[in-house]
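S.K.: In case you want the letters, here they are:
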Amino acid sequence: MLPAGCSRRLLAELRDALDACAERQRQLERSLRVSRRLLRVWEPAETPALEPTPGPDTNEEARPPARTPSPQDLKELELLTQALEKAVRVRKGLSKAGGRDEAPSRKSRSIVSPATTASVPPRASGQAGRRASETKPPRGVRQTTVPAKGLPELRLLSVGDQTCKARGAQAAKPEPGLRDQQMAPSAAPQAPEAFTLKQKGLWAQLSSTETGDSMDATTTAKTQFLRKMQSGWPSSRLCAAEVEAEVGRLRKACSLLRQRMGEELTADPVDWMQEYHCLLTLEGLQAIAGQCLHRLQELRAAVMEHQLAPWPEGRLPSAPSSCGGGADSIWSPQLLLYSSTQELQTLASLRLRVAMLDEQIHLEKVLMAELLPLVSTQEPLGPPWLALCRAVHSLLCEGGEHFLTILRDEPAD
Amino acid sequence: MGRRRRRVDPADAAGALPAAITALSRALPGGPSAETFRRAKFDRPEAAPALWRLLFHVLSPRPADDAAALPTPGSAPPTHARPSALSPASSKAQARLVKSALRSQGYPRRALVQLPEDGSQGSRELLLALSWLLARGPLLERLLAQIRVRLGDEMPVCECEVLASPGPPAPRVEADGCVDIRHLQWLMGKLRFGWRNLITSQQEHCALLGKVHSYTRGCHSDRSLGHLSVTEAELLRDPEGGRQLLRRLESENARLEAALEWRRRELVFWQWMDTVLDACPPEASQPTFLPRIPERGAGELELVARELQALQEELQAVVETRRAAWEARVGGWGPGWKATQRASEEAVRQELTALQRAWERGGGLAQPHGPHRLVRSEAGTLGGPGLRATEVIKALRSREACLEAALRQLQGQCRQELARLVGALPGFIWILPPGC
Chain Y
1 MLPAGCSRRL
11 LAELRDALDA
21 CAERQRQLER
31 SLRVSRRLLR
41 VWEPAETPAL
51 EPTPGPDTNE
61 EARPPARTPS
71 PQDLKELELL
81 TQALEKAVRV
91 RKGLSKAGGR
101 DEAPSRKSRS
111 IVSPATTASV
121 PPRASGQAGR
131 RASETKPPRG
141 VRQTTVPAKG
151 LPELRLLSVG
161 DQTCKARGAQ
171 AAKPEPGLRD
181 QQMAPSAAPQ
191 APEAFTLKQK
201 GLWAQLSSTE
211 TGDSMDATTT
221 AKTQFLRKMQ
231 SGWPSSRLCA
241 AEVEAEVGRL
251 RKACSLLRQR
261 MGEELTADPV
271 DWMQEYHCLL
281 TLEGLQAIAG
291 QCLHRLQELR
301 AAVMEHQLAP
311 WPEGRLPSAP
321 SSCGGGADSI
331 WSPQLLLYSS
341 TQELQTLASL
351 RLRVAMLDEQ
361 IHLEKVLMAE
371 LLPLVSTQEP
381 LGPPWLALCR
391 AVHSLLCEGG
401 EHFLTILRDE
411 PAD
Chain C
414 MGRRRRRVDP
424 ADAAGALPAA
434 ITALSRALPG
444 GPSAETFRRA
454 KFDRPEAAPA
464 LWRLLFHVLS
474 PRPADDAAAL
484 PTPGSAPPTH
494 ARPSALSPAS
504 SKAQARLVKS
514 ALRSQGYPRR
524 ALVQLPEDGS
534 QGSRELLLAL
544 SWLLARGPLL
554 ERLLAQIRVR
564 LGDEMPVCEC
574 EVLASPGPPA
584 PRVEADGCVD
594 IRHLQWLMGK
604 LRFGWRNLIT
614 SQQEHCALLG
624 KVHSYTRGCH
634 SDRSLGHLSV
644 TEAELLRDPE
654 GGRQLLRRLE
664 SENARLEAAL
674 EWRRRELVFW
684 QWMDTVLDAC
694 PPEASQPTFL
704 PRIPERGAGE
714 LELVARELQA
724 LQEELQAVVE
734 TRRAAWEARV
744 GGWGPGWKAT
754 QRASEEAVRQ
764 ELTALQRAWE
774 RGGGLAQPHG
784 PHRLVRSEAG
794 TLGGPGLRAT
804 EVIKALRSRE
814 ACLEAALRQL
824 QGQCRQELAR
834 LVGALPGFIW
844 ILPPGC
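Those sequence lines, one after another, are chains Y and C. If you're matching positions, the first sequence starts at 1 in the working numbering and goes up one per residue. If you're matching positions, the second sequence starts at 414 in the working numbering and goes up one per residue.
In case anyone wonders, no lab produced these hints; they're calculated from the structure. Hints may be right or wrong, so weigh each one.
[Said to hold, decoys possible] In silico SDA-like links for lysine to any residue, alpha-carbon gap of 20 Å or less:
hint : chain 1 : residue 1 : chain 2 : residue 2
1    : Y       : Lys228    : C       : Phe455
2    : C       : Lys512    : C       : His470
3    : C       : Lys807    : Y       : Leu11
4    : C       : Lys603    : Y       : Glu242
5    : Y       : Lys200    : C       : Lys807
6    : Y       : Lys200    : C       : Ser634
7    : C       : Lys603    : Y       : Ser340
8    : C       : Lys512    : Y       : Glu242
9    : Y       : Lys228    : Y       : Ala245
10   : Y       : Lys200    : C       : Ala692
11   : Y       : Lys365    : Y       : Arg8
12   : Y       : Lys365    : C       : Trp599
13   : Y       : Lys198    : C       : Gln559
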């Protein structure tokens, strides 16, 4: 059994790590649920029986291409989605201004194949309505909603046509209900964009107000207030949060210095110039390491002297979100471009792997600090000590994955 | 936008302060009403609970991620069950967290520490604490950024905000007993398994995202993005969800406007806070802290100290031998090479300064940070702004290699140390697992 203090500390660290992992998993599950639900609507793996008009062959050829849509299919799909977008816009324009735009409807008609001008509104409304009332019959929706599979467009649209006509009667009745469902999908893509555009303007204004010239008076007022708050307090100039932040910086410094040292040591100097450069670099690194150590000792003294209690619960970035992504990304999200699912997966798994390694290294250090002293101080050579050694070796040297074997070397007698 | 006033006109002074306070209360998440602020100046007890709640929300490591958690002033309370008054236990926990967080950030007034933890008093002190936080840093912007509605599928490219702590800190029942090391081994195994699960789930998620992005290509009206994100596609699928999203966007916009209004008017607020501060009784001079044994923080400090010490010793050893060897070679060289020597020194100095910048305060921002919106584009088509996945992958791979080397080095160190500790004992044969 491990001593109480050691147990408590190690348990706390491991529980923290487990909680963090569980939290990530929870967030990931949330996103997965949403995405799965979305794709289930677009690609139902089951329900072949609910297919309306097209024959079973449509199903069979529909499903495999869903996994890997060919470029031609994608192109058709792009055209289709543009047409649908246009149709929605047209319908919105029509429902608002009473049917003026003939030109766009004519163009969409050419793609939305067998159509007459008169039937554009009801068709579009039927489609939009179907898009809206997705929860009810999945079949209708599946065939008209945007990301259809690699179905050839004509067949798709003729199907849409037929089902539209079939539902024309239906659409007539729950008119009011359908109408405000119509508005939602058309309004939905437009309105958030309108809002986000407005937002971009607001965020930009917000970040620009920080550097206005009327801010000088405000800044002086603020500093004066802070000074008044501070008075009557022999400020130690250091609070626990700052100490923690500095320790974090110094830890980063240490790892960067070590990395650089490794690079210099493995480099192969070609001439004496490079050799000298290398030597100077190493000496410089030594000096910096000394400075960091000195600073750390100062911090340690400050902590001891003022009994600065650090954040009591869990590891916390004391500079709250110092990584805000930089000032720019506050109002306009930066983009990350990827070109294939494979790439995205590689990226995501590398990110997780780096985070995992970071955590493993931290745990390794903590375990080393706690367990190695135990092995050296517990001298009795009984089986418990051997078991401890074996366990410690496995935890510290093999990441807990392999175990060594201990044989007692009895003299044969 | 109107002209910004340099001076508060006396004629306007009567209206400026309430306007400023109203703007602030509208900009803060679940902000207390303007009336609360006014009552707090006079230290009225009824103003205290709202301020405790607000400070708890602001200071806790990971506030609730749904923006509907705190009711916005003037709107109906959220439909999910939320007790109107917190149970005594949790309000005490809140108060304790607020005090501890403020102290750890260096809050300079002792009166805070002396406030009772049942949440019934202290509104004036809490008002001062809130203003102190507002004055010190971009608190409002940070809060607003946290509740930002994000329409895209975002992925962070750095690991800076590795989860602070999951959710509000649950009162941890610390096991006072001793544990067997096998329990630790079990926990480690559980952790490894957890990570493996995480990676598989993540792979699935990426596959799904890839599908959604490729299926919805051409649907987005913003051509630079080209396709819908999951959120946006959900918008189309589920109009009810779309309406909710719109409501969230509306409330965020309202808050942004309030924040701008606050920025315009805050000068008069600070002048008012001076009067609030003056209304407080003067503090006794020497504050005494209840000494707490710093557990975690000192632990971290010690670890880093040990590492730096080890690093310095290694460097010292290497440098000594190399310098000696160098001096031996160079001893007979003439003065002509002094110039090149100085040039080298200068070059090295510059390199090391650049290196130092990477960890100094404010440094490291050259690297990409924060969440980025994922955009799928066939290679080469979008030449516009944006980070390329290939670059990020390259950076991550090198970091991975670095970390793996560090881990291996640590493990090797352990192996040596253990060998030293047990190798001295006769009578045992230690058979290492294969592959070592």
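S.K.: Among the hints numbered above, which are violated by the structure, and what are their numbers in rising order?
M.R.: Going through the list in order, the structure violates hints 3, 4, 5, 7, 9 and 10 and respects the others.
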